Amino acid sequence: MPSRDRSGRVLLPCGDSAFLVELPGLSAVIAYYRGLTGVSGDRPLPAGIVDVVPAARTVLVTFDRDMIRPSEVRDWLEAAEPAAVVAGTGREVTLEVSYGGPDLAETAQFLGMSTADLVELHTSSEWTAAFSGFAPGFAYLVTTHERLRVPRRNTPRTAVPAGSVGLAGEFSGVYPRSSPGGWQLIGTTTAALWDASKAEPALIRPGDRVRFVEA
Amino acid sequence: MGIVVVKPGPLTLVEDLGRPGWASLGLSPSGALDRQSLRLANLLVGNPAGAAGLEILLGGLRLRIVKASTVAVTGAEGIVTLDGPEIPLNQAVRAAPGAVLDFGAPLFGLRYYLAVQGGIDAPQLLGSRSTDMLSGEGPAPLTSGEHLGTGRELVRNGSDPLPAVRRAPDPGQVIVMRVDPGPRVDWFDDDSWRRLVSQEWTLSPDSNRIGARLLGRPLKQVRLEELPSEGMVLGALQVPPSGLPTVFLADHPVTGGYPVIAVVRRTDLDLLGQARPGQRIRFLG
Numbered sequence: 001m002p003s004r005d006r007s008g009r010v011l012l013p014c015g016d017s018a019f020l021v022e023l024p025g026l027s028a029v030i031a032y033y034r035g036l037t038g039v040s041g042d043r044p045l046p047a048g049i050v051d052v053v054p055a056a057r058t059v060l061v062t063f064d065r066d067m068i069r070p071s072e073v074r075d076w077l078e079a080a081e082p083a084a085v086v087a088g089t090g091r092e093v094t095l096e097v098s099y100g101g102p103d104l105a106e107t108a109q110f111l112g113m114s115t116a117d118l119v120e121l122h123t124s125s126e127w128t129a130a131f132s133g134f135a136p137g138f139a140y141l142v143t144t145h146e147r148l149r150v151p152r153r154n155t156p157r158t159a160v161p162a163g164s165v166g167l168a169g170e171f172s173g174v175y176p177r178s179s180p181g182g183w184q185l186i187g188t189t190t191a192a193l194w195d196a197s198k199a200e201p202a203l204i205r206p207g208d209r210v211r212f213v214e215a
Numbered sequence: 001m002g003i004v005v006v007k008p009g010p011l012t013l014v015e016d017l018g019r020p021g022w023a024s025l026g027l028s029p030s031g032a033l034d035r036q037s038l039r040l041a042n043l044l045v046g047n048p049a050g051a052a053g054l055e056i057l058l059g060g061l062r063l064r065i066v067k068a069s070t071v072a073v074t075g076a077e078g079i080v081t082l083d084g085p086e087i088p089l090n091q092a093v094r095a096a097p098g099a100v101l102d103f104g105a106p107l108f109g110l111r112y113y114l115a116v117q118g119g120i121d122a123p124q125l126l127g128s129r130s131t132d133m134l135s136g137e138g139p140a141p142l143t144s145g146e147h148l149g150t151g152r153e154l155v156r157n158g159s160d161p162l163p164a165v166r167r168a169p170d171p172g173q174v175i176v177m178r179v180d181p182g183p184r185v186d187w188f189d190d191d192s193w194r195r196l197v198s199q200e201w202t203l204s205p206d207s208n209r210i211g212a213r214l215l216g217r218p219l220k221q222v223r224l225e226e227l228p229s230e231g232m233v234l235g236a237l238q239v240p241p242s243g244l245p246t247v248f249l250a251d252h253p254v255t256g257g258y259p260v261i262a263v264v265r266r267t268d269l270d271l272l273g274q275a276r277p278g279q280r281i282r283f284l285g
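Protein sequences, first through last, are from chains G and B. Per our numbering, the very first residue in the first sequence carries number 1; after that it's consecutive. Per our numbering, the very first residue in the second sequence carries number 1; after that it's consecutive.
Source of the hints: derived by calculation from the structure; they are not laboratory data. Note that this is a predicted model, so its numbers are computed, not measured. Where a beta carbon is used, it is the ideal one built from N, C-alpha and C, also for glycine. Mixed in with the good hints there might be a few duds.
[To be verified] Below, a sample of chain G positions facing chain B; criterion: calculated Cβ distance under 10 Å:
no., residue
1, Cys14
2, Asp16
3, Gly38
4, Gly41
5, Ala55
6, Leu60
7, Arg65
8, Gly100
9, Ala135
10, Ala199
[Stated by the list, open to error] Which stretches of chain G does chain B cover? Using the computed rule of at least three CB atoms under 8 Å from a CB of chain B, they are:
no., stretch
11, 45-53
12, 123-134
13, 159-169
14, 202-215
With these hints in hand, go ahead and build the complete structure from the sequences.
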């Protein structure tokens, strides 16, 4: 049965080899994820922990029952202290962007600002990778304000080119590969978001801070 | 090069035991759907249990062995021939240079596993040679005329005990799988759990390596708010508004936005990898 701990976290059962931890909101998810995996994402996990997967309101933790007992995982999850995002801590990724995406002008108009103001706001904001999904290496980036909040496109594009930088809802993100997509496209980067030949194929990992600069 | 693909069949993939541990980057675990059969095939030819082999959906595959080798076929049951005569399944078989291996349509089960001594060679991604049909990562499905390399895996030291042979499920019989409660079991009415574990479900033909879709009397969701996307585990029974669950298999998306009522035990998922469209399924929970 679900149980709520002192900090408002709820531990939900998820089969016999996982727990789903429910948190009050996205910033609590990021802080809790960083608390479990380390501020730079490099803290060794207890032996037997397979995956720690942050999402919008939850962190999923899967484990190997031959290596760790469910009660030990529960103790680890309950003991973890959140580590809030503080400027200058953790890994930082800088992405050079050519602003001039097909939706740049329309998005600026929707937000009631000039395209120059939009670019200025996008590059001056500090973004944090909250979670990944949709495609390998695609990170949902959030920032501390909501002045760039825009709806998705009414009709998704059937093909968004790799490297496209977009906005949707409270998020910004970069398409690691060509795929269908409904985000408002404001620019492109030549950075490889996903490189399968590397030992660390994802350029941006959950918990990383991301800065956009004009190319 | 050890093997030439003469005819690939409907879908033949390179699979090992997958690449778990990268879900936070958006990558599925992937790997053989019937893990126990791949392990057995590997151990029969002297490979480490996790070497890459071929996962052969519905037969139709024809291979030419270029270099003499030892092979083993496990998993589905059907007629497999080597230069004409049928070969025994679940047993190591010596293949001479130039020999042609032919996989007939399986009569029981859905997926054959072929292990070749030394393993199938293919580029690795994060320690695995598995094909992931959701992301398109890993080796592409086999095509006619393709050459497969073999022989890079170290031969095991021979001390691992062979797992028992598990017969492929009879298409006319009910498959039984154990389930545990999922994180959103309380999003469904009281009757839904009972309905989940008491009725006979049928496997939809619209199933693949990403998920097994089930047909039956729908489950009823009572909490109707939108669920923000959350992490999904292997074996999760995700229930969309139709009330008909999908069981997430090896290439499942790492997150999903429909509530999970239950999770199938991992060891029982092998059976689902061999279930045929129309096969009856029961959950024990």
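Close enough to count: is the Cβ of Gly41/G nearer than 10 Å to one in chain B?
-> 9 Å, holds
Coverage of the stretch 159-169 of chain G by chain B (three or more Cβ within 8 Å) = Since three or more residues must qualify, the claim that chain B covers the stretch 159-169 of chain G is violated, with 0 doing so at under 8 Å.
Coverage assertion for the stretch 45-53 of chain G with respect to chain B, Cβ distance below 8 Å, three residues required | holds (count 4)
Hint check: 10 Å Cβ-Cβ cutoff, Asp16/G to chain B | 5 Å, holds
Status of the hint placing Ala55/G at chain B (closest C-beta pair under 10 Å) = It holds, given that the least Cβ distance between Ala55/G and chain B is near 5 Å, below 10 Å.
Verify the coverage statement for the stretch 202-215 of chain G against chain B, using a C-beta to C-beta distance below 8 Å and requiring 3 or more qualifying residues.
-> With 3 residues close enough to chain B, the hint holds.
Mind taking a look at whether chain B covers the stretch 123-134 of chain G? Criterion is 3 or more residues with CB to CB distance under 8 Å.
-> Satisfied; 4 residues make the cut.
Against chain B, with CB atoms and a cut of 10 Å, does the hint on Cys14/G hold up?
-> Cys14/G check passes; min Cβ-Cβ to chain B is 5 Å, inside 10 Å.
Does Leu60/G meet its interface restraint, that is, does its C-beta lie within less than 10 Å of any C-beta in chain B?
-> The hint holds - Leu60/G has a Cβ within 10 Å of chain B, the shortest such distance being about 3 Å.
Are Ala135/G and chain B close enough, Cβ to Cβ, to be under 10 Å, as the hint says?
-> Since chain B brings a Cβ to about 6 Å from Ala135/G, closer than 10 Å, the hint holds.
Given Ala199/G as an interface hint, is the shortest Cβ-Cβ distance to chain B below 10 Å?
-> 8 Å, holds
So, Gly38/G near chain B? Judge it on the closest CB pair being under 10 Å.
-> 13 Å, violated
The structure is inconsistent with the numbered hints 3, 8, 13, although it conforms to all the rest.
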